[in-house]
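Q: Here's the letter readout for the chains.
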Amino acid sequence: MILAAAERAQTAEQAAGAAATVPKDPAMAAVTANAETFVMMILLTLLAAITLAIIRQRNMFGVVILASIYSFLMASVMLALDAVDVAMTEASVGAGISTVVLLTTLYLTGSVEYPRPRSVAIPLFVSLVVGAALVWGTIGLPDFGIADAPIHKHVAPTYIEYSKKHEMPPNMVTAVLADFRGFDTLGETTVVFTAGIGVLLLLQGGWRTSGNSRRDDEDNELDIDGGEA
Amino acid sequence: MRLDLILRVGAKLILPFILLFALYVQFHGDYGPGGGFQAGVISAGMVILFAIIFGVRAAKHVAPPRVVEMMVPGGVLIFAGTGVVSMLLGYNFLDYTGFAHEFLHAHEWGILIVEIGVLVTVCGTMIAMFYAFVERGRT
Amino acid sequence: MEMIADAISWCLIVPGCFFLVTGALGLLRMPDVYTRMHAASVIETLGATLLVLGLIVQAGLTLVALKLVFVLALLFFFGPVASHALAQAALHADVKPVLAEDRRSRNLDSGPTGLAGSKEEPSP
Amino acid sequence: MFYVATGAVLAALMLAVIRAIRGPTVFDRVLASNTIGTLAILLLASYGFLTDRPEFLDIGLTYGLLNLIGTFAVLKFFRHGDLAHDIAEDQEKSRWK
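Chains as they are written, first to last, in our numbering: chain A, 829 to 1057; chain B, 264 to 402; chain C, 3 to 126; chain D, 377 to 473.
For the record, the hints were derived by calculation from the structure and aren't laboratory data.
No incorrect hints appear here.
Pulled a few chain B residues facing chain A out of the computed Cβ check, cut under 7 Å:
#1 Gly-292
#2 Tyr-294
#3 Gly-298
#4 Gln-301
#5 Ile-305
#6 Phe-342
#7 Leu-357
#8 Leu-367
#9 His-370
#10 Val-381
#11 Thr-384
#12 Thr-388
#13 Met-392
#14 Phe-396
#15 Arg-399
Ideal Cβ positions, reconstructed from N, Cα and C, are used throughout, including at glycine.
Chain A extracted, bound-state conformation (with noise of 0.2 Å):
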């Protein structure tokens, strides 16, 4: 059991990639995987509890907190799962900007639920359905952690050769982001610019009158008085 764990978590790490430092020790291994599912299994506890107390939560400040509080408990499943990156990303936007913005939204629209307009029997029945259907998809994926799922069998290895081969930056997150998949991060600049762009133009309602000094406001004015005359 114990050695079939140590082999497990020493595979996952080999496959996890060269960033991670392999503790050499297979009962260090066994121990540190051991550590781990007990850190995950009290972090996802807690995350669900707090999913949990969101739902019945009808005032909104008390949701926005709470959220905060589970994008916390994220980052730290995340960095239990060796997901460096992801974690950092987790980190910086919950903790600031997702709490900001929930914030600024409800100054638009008032801080109480209303409740519930009707029966909540069809979204129960549609929720449970949809989220069967995924776990049900979720059989068909390879185990969690194992070496030879074939994510680890052809992309990862080519990219962990080539990297190693050429001295790529030890980050190898870092590498593959922005080196071998930098068509992939194009389009998601592309996509965080459109979003941006969406917002914007959905708040500031059409054209843009917020930027410009009030010298500038009175002259548009002004133009519009005279062409409508």
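Following the hints, complete the assembly by docking chains B, C and D onto the known chain A.
A: For chains B, C and D alone, coordinates are given in the frame of chain A:
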């Protein structure tokens, strides 16, 4: 009557460190966790903290909305322009091999420039979203 | 040498853990916001400082120790700032501290049911 | 040793989460969230030592720096009902009145 003197002094203390940490995350991304997206979010967080403590008007002196809105497409242009330059140098789109005399140096330069593009877009988008949300429903 | 370092970190980490759990217990059990803040400050000052100092001893003279020092300085300077802002906002929102007389009279009146907090979710 | 530290931090984390869920006023929740931020930094540090990879403290630093933004935002919203509220403008207005 300045009730929040302590907040102002505390914010003045922490603001430069947030920006410094953002730069660390940006330029240390090759060796540790982080990269352009995270650094952009952190530096946008600095401007937002400034706006919360010192008021939005002061923040607009620091990061004028015109500049911020230029940053949103500017980063994408930097990113795509890197690709175009590498095509002009005779390689594939976003293949950085032609940027320097040596493979490793060229790719480090390419990654650096591309990450700066990501930083500029993400930072601009976050600050512009904050300004837009904050201005909505007033005046 | 390693044994001495281990002994020093044990001596720092165990009290740190004790103060962490004590502070969290106080955060859960205290009757109102201000006393809870009092308990939480134990976590942020004593517990975190001792724990991080123990980890610094384990890390030795490395970059990790430097980062831990930064974390320590951060907690040291900005925990009190956040606590100050929180207490000020709570006072501004008219959350009254629960006094000993209140508790005694409430205990006489209606038993210990009303201890959980002085006010329901205030809205701005 | 790191087992003890991680266990204690996890126990404190659980107690703080219970307070965040139960907290009657918003300020209790903000306090619990602030405490959870501190505890998350400590968890990252001790867990990094436990798994022999303490290099990832950068994430803890991110927490520490950005936790302040969220706390200040919530508290300012409560104090003034508005994130864009400008105290300097208030003072100018009161001077002219």
